[in-house]
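Colleague: Listed below are the residues making up each chain.
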Amino acid sequence: QVQLQESGPGLVKPSETLSLTCAVSGGSITGYYWAWIRQTPGKGLDYIGYIYYNGDANYNPSFRSRVILSVDTSKNQVSLRLSSVTAADTAVYYCARRRAGFEVAFDIWGQGTMVTVSS
Amino acid sequence: ETVLTQSPGTLSLSPGDRATLSCRASQSISSSYLAWYQHKPGQGPRLLIYGTSTRATGIPDRFSGSGSGTDFTLTITGLEPEDFAVYYCQHYGSSPIITFGQGTRLEIK
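As you go down the protein sequences, you meet chains A and B in turn.
Just so you know, we're using our numbering here: the first sequence kicks off at 1 and counts up by one.
Just so you know, we're using our numbering here: the second sequence kicks off at 1 and counts up by one.
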């Protein structure tokens, strides 16, 4: 079955750029939207953005000026870059697949990767 | 932006009980665009319900969803030990295109 695995540095310095990758195995990224969602410590889930396999992206306005999502169909992976990070960006970052079909929901999730922003 | 407010914040019940979780939207939303997730520590969230009432693949029938307009409910009948977790509702709409409720923690009494 399709599995997602997030990866990237666990520690990022303030003002630097956070870069994460989500590797998709057991299936193709083609034909689906792929989202990044985060959970800050002790809080709920925040939508960052999602990207279609062809590169069309939607971003949460709260992150729009700092975030770039990309896809690499040859590697079957999607990536997140979040610039000018602060301590408020410390969170567990998840990638998730938007299910096919009219009703929008995320049917497959990675286990998440913890990112700490600290000097 | 549609704000989702979940209640209660914490629900304390025993195995075998019935759990009723509420998700209220700040404006009327399409029932096609309301989903529920279960989230346990160290794991990614698990899709339970989409389109207000359709169970996702592999979800037991003790989980059910209902509602319309601004009021939506996730019901779990006959709680199993593995059901104790945090539950989120999620909406797809206008900017931001995806919003989540703040979550309900279902804990063992």
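To be clear, the hints were calculated from the coordinates, so they are not data collected in a lab.
C-beta atoms are modelled at their ideal positions from N, C-alpha and C, and glycine is treated no differently.
Please note that the accuracy of each hint is not assured.
[What the hints assert, rightly or not] Derived DMTMM-like pairs: lysine to aspartate or glutamate, alpha-carbon spacing no greater than 20 Å straight-line:
{"hint": "1", "chain 1": "B", "residue 1": "Lys40", "chain 2": "B", "residue 2": "Glu1"}
{"hint": "2", "chain 1": "B", "residue 1": "Lys40", "chain 2": "B", "residue 2": "Glu80"}
{"hint": "3", "chain 1": "A", "residue 1": "Lys43", "chain 2": "B", "residue 2": "Glu107"}
{"hint": "4", "chain 1": "B", "residue 1": "Lys40", "chain 2": "A", "residue 2": "Asp56"}
{"hint": "5", "chain 1": "B", "residue 1": "Lys40", "chain 2": "A", "residue 2": "Asp107"}
{"hint": "6", "chain 1": "B", "residue 1": "Lys109", "chain 2": "B", "residue 2": "Asp71"}
{"hint": "7", "chain 1": "B", "residue 1": "Lys109", "chain 2": "B", "residue 2": "Glu1"}
{"hint": "8", "chain 1": "A", "residue 1": "Lys43", "chain 2": "A", "residue 2": "Asp89"}
{"hint": "9", "chain 1": "B", "residue 1": "Lys109", "chain 2": "B", "residue 2": "Asp17"}
[As the list claims (entries may be wrong)] What the simulated footprint calls covered on chain A by chain B, stretch by stretch (three residues with Cβ under 8 Å from a Cβ of chain B suffice, anywhere in the stretch; the number is not a length):
{"hint": "10", "region": "52 to 61"}
{"hint": "11", "region": "67 to 76"}
{"hint": "12", "region": "94 to 107"}
{"hint": "13", "region": "110 to 116"}
Colleague: For each hint given before, does the structure comply? Return the numbers of the non-compliant ones in rising order.
Modeller: Hints 1, 4, 6, 7 and 11 not satisfied by this model.
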